[in-house]
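Take these sequences, add in the hints, and give me the full structure.
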Amino acid sequence: MAAVRTSSEIGFNRVAIVAILVVTLIFLAPIYWIASTAFKPRNLATTIPPTVVFQPEISPFVKLFTKRSQLRSPPTPEEYAAAPWWERVVFDGGEKIVRDGKGQVQWSGYPSRFLNSLIIAITSTVLAVGMGTFTAYGFSRFKVKGEADLLFFILSTRMLPPVVVAIPMFLMYRAVGLNDSHIGLIILYTAFNLSFSVWLMKGFMDEIPKEYEEAALVDGYTRMEAFFKIVLPEAATGIAATAVFCFITAWNEYAFALIMTNRRAQTAPPFIPSQVGSGLPDWTVIAAGTFLFLLPVAIFTFLLRNHLLRGMSFGAIRK
Amino acid sequence: MATTMITTLDRSSRAAARGLSDISIRNLFIIPTVLFLIVFNIFPLIYSLGYSFTDFRASTNAPANFVGLQNYRDLLNDPYVWSNFAITAKYVIISVAGQLLVGFGVAMLLNRDIPLKGLLTTLLLLPMMLSMAVVGLFWKLLYDPSFGIINYALGLGTFEWLSDPKMALYAVALTDIWMWSPFVMLLSLAGLSAVPKHLYEAAAIDRAGPFYTFFRITLPLVAPILMIAVIFRTMEAFKTFDLAYILTSQPTTELISIRLYKMAFQEWQTGRSCALAYIVLIMVLAITNIYVKYLNKVKER
Chain G
1 MAAVRTSSEI GFNRVAIVAI LVVTLIFLAP IYWIASTAFK PRNLATTIPP TVVFQPEISP
61 FVKLFTKRSQ LRSPPTPEEY AAAPWWERVV FDGGEKIVRD GKGQVQWSGY PSRFLNSLII
121 AITSTVLAVG MGTFTAYGFS RFKVKGEADL LFFILSTRML PPVVVAIPMF LMYRAVGLND
181 SHIGLIILYT AFNLSFSVWL MKGFMDEIPK EYEEAALVDG YTRMEAFFKI VLPEAATGIA
241 ATAVFCFITA WNEYAFALIM TNRRAQTAPP FIPSQVGSGL PDWTVIAAGT FLFLLPVAIF
301 TFLLRNHLLR GMSFGAIRK
Chain D
320 MATTMITTLD RSSRAAARGL SDISIRNLFI IPTVLFLIVF NIFPLIYSLG YSFTDFRAST
380 NAPANFVGLQ NYRDLLNDPY VWSNFAITAK YVIISVAGQL LVGFGVAMLL NRDIPLKGLL
440 TTLLLLPMML SMAVVGLFWK LLYDPSFGII NYALGLGTFE WLSDPKMALY AVALTDIWMW
500 SPFVMLLSLA GLSAVPKHLY EAAAIDRAGP FYTFFRITLP LVAPILMIAV IFRTMEAFKT
560 FDLAYILTSQ PTTELISIRL YKMAFQEWQT GRSCALAYIV LIMVLAITNI YVKYLNKVKE
620 R
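Heads up: the protein sequence lines correspond to chains G and D, in order. The working numbering puts the first residue of the first sequence at 1, with every later residue one more than the last. The working numbering puts the first residue of the second sequence at 320, with every later residue one more than the last.
Calculated directly from the structure, the hints in this document are not laboratory data. Hints should not be assumed to be uniformly reliable.
Below 30 Å or equal to it, Euclidean Cα-Cα: the simulated BS3-like pairs (lysine-lysine) are [unchecked claim]:
{"id": "1", "chain 1": "D", "residue 1": "Lys612", "chain 2": "D", "residue 2": "Lys485"}
{"id": "2", "chain 1": "G", "residue 1": "Lys143", "chain 2": "D", "residue 2": "Lys612"}
{"id": "3", "chain 1": "D", "residue 1": "Lys612", "chain 2": "G", "residue 2": "Lys210"}
{"id": "4", "chain 1": "G", "residue 1": "Lys210", "chain 2": "G", "residue 2": "Lys143"}
{"id": "5", "chain 1": "D", "residue 1": "Lys516", "chain 2": "D", "residue 2": "Lys612"}
{"id": "6", "chain 1": "G", "residue 1": "Lys210", "chain 2": "D", "residue 2": "Lys436"}
{"id": "7", "chain 1": "G", "residue 1": "Lys145", "chain 2": "G", "residue 2": "Lys67"}
{"id": "8", "chain 1": "D", "residue 1": "Lys436", "chain 2": "D", "residue 2": "Lys516"}
{"id": "9", "chain 1": "G", "residue 1": "Lys229", "chain 2": "G", "residue 2": "Lys210"}
{"id": "10", "chain 1": "G", "residue 1": "Lys143", "chain 2": "G", "residue 2": "Lys67"}
{"id": "11", "chain 1": "G", "residue 1": "Lys143", "chain 2": "D", "residue 2": "Lys616"}
{"id": "12", "chain 1": "D", "residue 1": "Lys616", "chain 2": "D", "residue 2": "Lys409"}
{"id": "13", "chain 1": "D", "residue 1": "Lys516", "chain 2": "G", "residue 2": "Lys145"}
{"id": "14", "chain 1": "D", "residue 1": "Lys516", "chain 2": "D", "residue 2": "Lys616"}
{"id": "15", "chain 1": "D", "residue 1": "Lys516", "chain 2": "D", "residue 2": "Lys409"}
{"id": "16", "chain 1": "G", "residue 1": "Lys102", "chain 2": "G", "residue 2": "Lys145"}
{"id": "17", "chain 1": "G", "residue 1": "Lys145", "chain 2": "D", "residue 2": "Lys485"}
Structure below.
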């Protein structure tokens, strides 16, 4: 660095730090607003001026998970006293939880969509990263004829607009009965993530010195043994990072899920917007659903922070 | 023949202990992936290429009639489709330019010694990791004319962001800029940190002004990585579906992906939508090709 810093440089640095704090606050404001709305009583969600300080409530989450209907008359004091706390917070909002003939609480559509999202994202991630790791090793260690073209082909399948692929897939799935099935979406997401996982894993594989396996081969390991016992443990961090990226992509995906599913296998991204029908939506419930849905991704982003650059550039740029 | 040879070999012999040959391992590792992608990505495209020459409608049982290039001719002569392309182009330009300015600007600010720099960077990157559809939906509340916090914070009264046909596209682009500026920032930071420090020292010795330093040193050296960011974002913005579809239903925000979706799954003009899908596909592949060439070029440096 230049030996002396002028006072104007230091002054500019201070301005830059203040500016960066302001920018960070602006960028986080929408996320903060989602999180805070998820804990608001309904009447404070849409006030002017916006409500910033309030007593946090858990009721939006109770409402998110249950089926409710409007209360025609307020509950009797006995009814209210007999109700568990989670039913009381719904009463307080002027609604009641719907129960079936046996008195069982009826769930809303949210938990099953959340579960679908988990099943589909996890399974497709395991498949894509599993296959991708082998293929990346193949490309990294062996001479492959037309390697550049093959890698371009693999990448280009990821670049296709989802709707373009969805039209023929919809017709084919309809013919074989895979529409609105978990397997159907898992296959689509695996194919979508596979190309990404090959590209990213190839970068990680290229970084593992060949000498490690060569030493193992000299020691009498077979190539397979060397791959499983030497290369895979070395690649563990890369595999984990790739898996998290694939999971997030599948978790967030909207267009395929919208077109290919409608009930049984529907994931959360098409479900949450479908809850905003006509009339005044209850934004606290939407915020609660959004909050729970975003939480895993936010946590993963922190775990991934050192790999974000690499992942977002398909392994092309490394720090 | 070869397999019987191997099975008849003594287990303890050297050849058997070496396991599969490198070539068969290579094939075993690579071929399944390539086949999988052909079956689930390429085969469907061949399937839809066939349909693009027919008047097939997936909502009826009527057999598909071969109509030759009719679909393509109709689409290319349809002013409606051209306007969808024009809207898409406008959207791509606004949102990519916005992301470039904001992302690179923030990266310039961040590229110094700041307490908690790592944490700030990660927090700034958060928006791009989130689901476009789900977060996009919540922006509806932020944009709400009567109780949205955006109008409140900016003192805009009851400004109509999404229901004004002229404004809606800008509103969608603004949300996209919020989501994806972090991506440009991330790449810019990598580019900025790779600029050798001694260049700045030399410039300081020569008493070069900040503008000269920026335009003659910083910008040219960061340009290749910025270019990657721009091409990648262009490609993604061109494909945008979720955000615009969820935020508004204005005709002025009908991007080409939305048109394609409506044609295929609401109007059930399956044959014609396959043809439009092919037109879009060729455009995306062209951009992808440029992108990959550029990636390889930057990688070689």
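Now for the hints, and whether the structure bears them out:
1. Of the supplied pair hints, the one linking Lys612/D and Lys485/D is violated, its CA atoms being roughly 37 Å apart against a limit of 30 Å.
2. Our distance criterion of 30 Å between C-alpha atoms is met by Lys143/G and Lys612/D, whose separation comes to about 21 Å.
3. About 27 Å separates the Cα atoms of Lys612/D and Lys210/G, which keeps this hinted pair within 30 Å; it holds.
4. Using a Cα cut-off of 30 Å, the hinted pair Lys210/G and Lys143/G holds, with the two alpha carbons roughly 14 Å apart.
5. Straight-line distance between C-alpha atoms of Lys516/D and Lys612/D comes to about 29 Å, which keeps the hinted pair within the 30 Å bound.
6. At most 30 Å may separate the alpha-carbon atoms for a hinted pair to count; Lys210/G and Lys436/D exceed this at roughly 36 Å.
7. Proposed proximity of Lys145/G and Lys67/G is contradicted: the alpha carbons are some 58 Å apart, above 30 Å.
8. Restraint check: the Cα-Cα separation between Lys436/D and Lys516/D comes to about 19 Å, which is no more than 30 Å; the hinted pair holds.
9. Our distance criterion of 30 Å between C-alpha atoms is met by Lys229/G and Lys210/G, whose separation comes to about 14 Å.
10. About 59 Å separates the Cα atoms of Lys143/G and Lys67/G, which puts this hinted pair outside 30 Å; it is violated.
11. At roughly 21 Å between alpha-carbon atoms, Lys143/G and Lys616/D fall within 30 Å of each other, so this suggested pair holds.
12. Restraint check for Lys616/D and Lys409/D: satisfied, since their Cα atoms lie roughly 29 Å apart, inside the 30 Å limit.
13. Straight-line distance between C-alpha atoms of Lys516/D and Lys145/G comes to about 41 Å, which puts the hinted pair past the 30 Å bound.
14. A distance of roughly 24 Å separates the Cα atoms of Lys516/D and Lys616/D; the hinted pair therefore holds under the 30 Å criterion.
15. As the CA atoms of Lys516/D and Lys409/D are separated by approximately 39 Å, the hinted pair breaks the 30 Å bound.
16. Restraint check for Lys102/G and Lys145/G: the C-alpha separation of about 67 Å exceeds 30 Å, so the hint is violated.
17. Restraint check for Lys145/G and Lys485/D: not satisfied, since their Cα atoms lie roughly 52 Å apart, outside the 30 Å limit.
Going down the numbered hints, you'll see the structure goes against 1, 6, 7, 10, 13, 15, 16 and 17, while the others check out.
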